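J.: Here my numbering is used: the first residue of the sequence shown is 658, the next is one more, and so on.
No lab work stands behind these hints: they were computed from the structure.
Possibly wrong hints are sitting among the right ones.
Within a straight-line C-alpha distance of at most 20 Å, the following computed SDA-like cross-link-like pairs (lysine to any residue) qualify [what the hints assert, rightly or not]:
| # | residue 1 | residue 2 |
| --- | --- | --- |
| 1 | Lys725 | Leu687 |
| 2 | Lys701 | Ser726 |
| 3 | Lys698 | Tyr684 |
| 4 | Lys715 | Asn671 |
| 5 | Lys666 | Tyr684 |
| 6 | Lys666 | Ala735 |
| 7 | Lys666 | Pro721 |
| 8 | Lys703 | His680 |
In this text, all values refer to a predicted model and were calculated from it rather than measured experimentally.
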Amino acid sequence: MDVSINVLKPGYVNPYLHVHRYHEEVYIFLEGEGEMMIGDKVIKVKEGHIVRVDPEVKRGVRNPDSSKSNLVFICVRAQGQFNRLDGEGAGPVLGVDGWSYDKIIEKAKKEK
Numbered sequence: 658m659d660v661s662i663n664v665l666k667p668g669y670v671n672p673y674l675h676v677h678r679y680h681e682e683v684y685i686f687l688e689g690e691g692e693m694m695i696g697d698k699v700i701k702v703k704e705g706h707i708v709r710v711d712p713e714v715k716r717g718v719r720n721p722d723s724s725k726s727n728l729v730f731i732c733v734r735a736q737g738q739f740n741r742l743d744g745e746g747a748g749p750v751l752g753v754d755g756w757s758y759d760k761i762i763e764k765a766k767k768e769k
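Go ahead and model the full structure; you've got the sequences and the hints to work with.
T.: Here you go:
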């Protein structure tokens, strides 16, 4: 099991949109307000929210530019590989907005 504590400053995304093929993730929001993409839906998240995401569903968390505070959350998941949305193994696509699916795929294809 992996457990991470994440602090997103206003305007930050963590991590880029990604999927886990075989396991779920649970996000526990401790402080601040932000947004989470689950599949094609964006939901508002804030302190006290707990979100579970099924395997094979794209996901990502961001703290909007308009936010004045950090977004703090814990992420719990089974150990294992996660994949970028282009099907490649773990590893970020650098130099791209991590919230923009089309830009991630375009940049990843150029890196191949």
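J.: Taking only the CA atoms, is the gap from lysine 666 to proline 721 under or equal to 20 Å?
T.: At roughly 9 Å apart (the allowed maximum being 20 Å), proline 721 and lysine 666 satisfy the hint.
J.: Is it true that the CA of lysine 715 sits at most 20 Å from the CA of asparagine 671?
T.: Between lysine 715 and asparagine 671 the Cα gap is close to 13 Å, so the pair holds against 20 Å.
J.: Taken at face value, is the distance from the CA of alanine 735 to the CA of lysine 666 at most 20 Å?
T.: Distance ~26 Å between lysine 666 and alanine 735 Cα, so the pair is violated.
J.: Just to be careful, I want the Cα atoms of lysine 666 and tyrosine 684 compared with a cutoff of 20 Å; is the pair within it?
T.: holds (17 Å)
J.: Could you grab the alpha-carbon distance between lysine 698 and tyrosine 684 and see if it respects the 20 Å cut-off?
T.: holds (16 Å)
J.: For a C-alpha distance cap of 20 Å, please report whether lysine 701 and serine 726 respect it.
T.: holds (15 Å)
J.: Would the pair lysine 703 and histidine 680 pass a check requiring their Cα atoms to be no farther apart than 20 Å?
T.: Violated - the C-alpha atoms of histidine 680 and lysine 703 are around 24 Å apart, more than 20 Å.
J.: Can you confirm whether the C-alpha distance between lysine 725 and leucine 687 stays at or below 20 Å?
T.: holds (16 Å)
Hint compliance for this structure: hints 6 and 8 are broken, all remaining hints hold.
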